[in-house]
Amino acid sequence: MKCSYSAEDLIRYTEGLMCDAEKDELKKHLDICESCRSRLGILKLTEDHLKEDVSNNETMYLKVMGAIDKDRYLRKKSKYKLGAFVARMAPFIKPSAAVILILVLSLVAVTQRQHISNVMSSLGEVFSKHDNLIKDDENKNNKNSKFFTAESVTELAKGQPPGGWVLSGDSNIKDMERQVKLKFYVKPDSDPSSSKNETGEVIAYLHDCNELYDLGLVVSF
Amino acid sequence: MDRDEILIKNVLDGNADSFSILVQCYQNQLYKFLYKLTMSKEDTEDILQEVFIRVYNNLYKYSSRWSFSTWLYSIAVNVFKSHYRKKKYDEHNNIHPEELDVLTCSIIDYPEVAYEIKEQRVLIVQLINSLKSDQKIALILKHVQGFSYKEIADILDVSPEAAKMKVQRAKQIILKKYDQLKGRGVYNEVFVQR
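Protein sequence lines correspond, in order, to chains H and W. Every letter in the first sequence is one number past the one before it in our numbering, and letter 26, counting from 1, is 1192. Every letter in the second sequence is one number past the one before it in our numbering, and letter 39, counting from 1, is 797.
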């Protein structure tokens, strides 16, 4: 048989929240439903366990009295009296303080309107100057930077020297603002009958941020 | 002015002995409350001492807007929670077998009955320990001290409806966990005479 009583019903029963008719009906049900009987038993056992007295040696007050500073309220009597007064008045002080603050600010705003306006505009100027100074600093830093972004400025394509070509040397070129580095790769002369080490073909690359940008064949001799 | 307020006034006037009377008035019920929360005598005594020391040091902040017992229990709940946080959760949730032995010592002459009752107690303590901290506190405040939902609400700083919900939810969880344990065959059905 499916049980029609929920946990909430059993809780209402244990808390005495059922009317007499409901109680009688549940009692009849408990005679035939072992599950509800068992669950009700758990609720009652829980309450009994919680209500059961616990013995203790009742000497806690001795330990407490030994641990507290007995002269605490004697030494600074006025301080704690004031503290007690503030604590008692706290529920009235907080809303009153908020109202007083709002009134004072409103009064100041009305009487000192011109002055506040001047102060605000001065502050605006200060912030504006500060922003401009930051922008100037950023521009100066960019100008002083020795790094040169090849890709964005020259639109050169990245490249790699052909296989077998070897680095012959590099050269730094700089002006007042920038510095660029060039690398030159040469094609070795592989002809065994030739007395030369190189073929005379040179490709130049712009070296920037560990990347090579192809400047093309610059010399053939 | 009731008894508690007179004693508090005396303490604030420098009469520390009045505090000793306050402690004696409340030590038993607070001990029971904390013991049901911790199920450990050692923890209960530590927490209880800390509660009374904190109450003494902050007594000047007490306002008669609250009932003194509500204020006392809210401090006890805070000290318990902070003690609970310091200890690892698992350690706290362990049942101390020696504590359960103490509970059954009065019927030790009847070993079979004692065993059955002890097993039931283990089950109940396990079910209560499976609750969330606030649900457990609300349930214990309701049934150990017989506080109203309004008083529980003041202690836990929630609304009376929320306090009632915590107690109801605690009971629902206890039944749900019991059904789960029974389903796994961990416990026999508990039969109690109506």
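Everything labelled a hint here was simulated from the structure, so no lab data went into it. Heads up, a few of these hints could be off.
Derived BS3-like pairs: lysine-lysine, alpha-carbon spacing no greater than 25 Å straight-line [stated by the list, open to error]: (1) H:K1189 <-> W:K922; (2) H:K1236 <-> W:K934; (3) H:K1217 <-> H:K1189; (4) H:K1245 <-> W:K839; (5) W:K908 <-> H:K1210; (6) H:K1194 <-> W:K876; (7) H:K1217 <-> W:K908; (8) W:K819 <-> H:K1243; (9) W:K845 <-> W:K819; (10) W:K934 <-> H:K1247; (11) H:K1236 <-> W:K767; (12) H:K1229 <-> W:K935; (13) W:K767 <-> H:K1210; (14) W:K819 <-> H:K1210; (15) H:K1217 <-> W:K819; (16) H:K1194 <-> W:K922; (17) W:K908 <-> W:K844.
Reference listing, derived: stretches of chain H covered by chain W, where coverage requires no fewer than 3 residues with Cβ under 8 Å from a Cβ of chain W [what the hints assert, rightly or not]: (18) 1202-1208; (19) 1227-1233.
Here are some of the chain H residues that sit facing chain W, going by a computed Cβ distance under 8 Å [stated by the list, open to error]: (20) E1213; (21) L1216; (22) N1222; (23) F1258; (24) K1260; (25) R1279; (26) K1340; (27) A1370.
None of these values were measured; they are calculated from a predicted model. All residues carry an ideal CB built from backbone N, CA and C; glycine is no exception.
How the hints compare with the structure:
Taking the CA atoms of K1189 of chain H and K922 of chain W, the gap is near 22 Å; set against the 25 Å cutoff, the hint holds. Distance restraint check for K1236 of chain H and K934 of chain W: the Cα-Cα separation of roughly 50 Å exceeds the 25 Å cut-off, and the hinted pair is therefore not satisfied. Under the criterion of a C-alpha separation no larger than 25 Å, the hint pairing K1217 of chain H with K1189 of chain H is consistent with the structure, at around 23 Å. Between K1245 of chain H and K839 of chain W the alpha-carbon distance is near 30 Å, which puts this suggested pair outside the 25 Å criterion.
Of the pairs offered as hints, the one joining K908 of chain W and K1210 of chain H holds, with about 23 Å between alpha carbons and a cut-off of 25 Å not exceeded. With a CA separation close to 30 Å, the supplied pair K1194 of chain H and K876 of chain W exceeds the 25 Å bound. As the CA atoms of K1217 of chain H and K908 of chain W are separated by approximately 20 Å, the hinted pair is consistent with the 25 Å bound. For a cut-off of 25 Å, the pair hint linking K819 of chain W to K1243 of chain H stands: about 14 Å separates their Cα positions.
Of the supplied pair hints, the one linking K845 of chain W and K819 of chain W is violated, its CA atoms being roughly 29 Å apart against a limit of 25 Å. A C-alpha spacing of about 52 Å is found between K934 of chain W and K1247 of chain H, which places the hinted pair above 25 Å, so the restraint is violated. Restraint check: the Cα-Cα separation between K1236 of chain H and K767 of chain W comes to about 15 Å, which is no more than 25 Å; the hinted pair holds. A C-alpha spacing of about 40 Å is found between K1229 of chain H and K935 of chain W, which places the hinted pair above 25 Å, so the restraint is violated.
Between K767 of chain W and K1210 of chain H the alpha-carbon distance is near 42 Å, which puts this suggested pair outside the 25 Å criterion. This hinted pair does not check out: K819 of chain W and K1210 of chain H have alpha carbons roughly 40 Å apart, beyond 25 Å. Among the hinted pairs, K1217 of chain H with K819 of chain W is inconsistent with the structure: their alpha-carbon atoms are about 32 Å apart, more than 25 Å. At most 25 Å may separate the alpha-carbon atoms for a hinted pair to count; K1194 of chain H and K922 of chain W exceed this at roughly 28 Å.
Pair hint K908 of chain W plus K844 of chain W does not hold up; C-alpha atoms about 30 Å apart against a cutoff of 25 Å. Beta-carbon proximity to chain W at under 8 Å applies to 6 residues in the segment 1202-1208 of chain H; the threshold of 3 is reached and the given coverage holds. For the segment 1227-1233 of chain H, the stated coverage by chain W holds: 5 residues have a C-beta nearer than 8 Å to a C-beta of that chain, and at least 3 were required. Taken as an interface hint, E1213 of chain H checks out: its beta carbon lies about 5 Å from the nearest beta carbon of chain W, inside 8 Å.
A least Cβ separation of about 4 Å between L1216 of chain H and chain W falls short of the 8 Å threshold, and the interface hint therefore holds. Taking 8 Å as the C-beta contact cut-off toward chain W, the hint placing N1222 of chain H at the interface holds, the least distance being around 5 Å. Proximity of F1258 of chain H to chain W is violated relative to the hint, the smallest CB-CB distance being about 11 Å (cut-off 8 Å). For K1260 of chain H, the shortest C-beta to C-beta distance to chain W is roughly 13 Å, which exceeds 8 Å, and the interface hint is violated.
Interface restraint check: R1279 of chain H against chain W, minimum CB-CB distance 42 Å, threshold 8 Å, status violated. Annotation: interface hint on K1340 of chain H violated; nearest CB of chain W at approximately 64 Å, more than 8 Å. Because the beta carbon of A1370 of chain H sits about 70 Å from the nearest beta carbon in chain W, more than 8 Å, this interface hint is broken.
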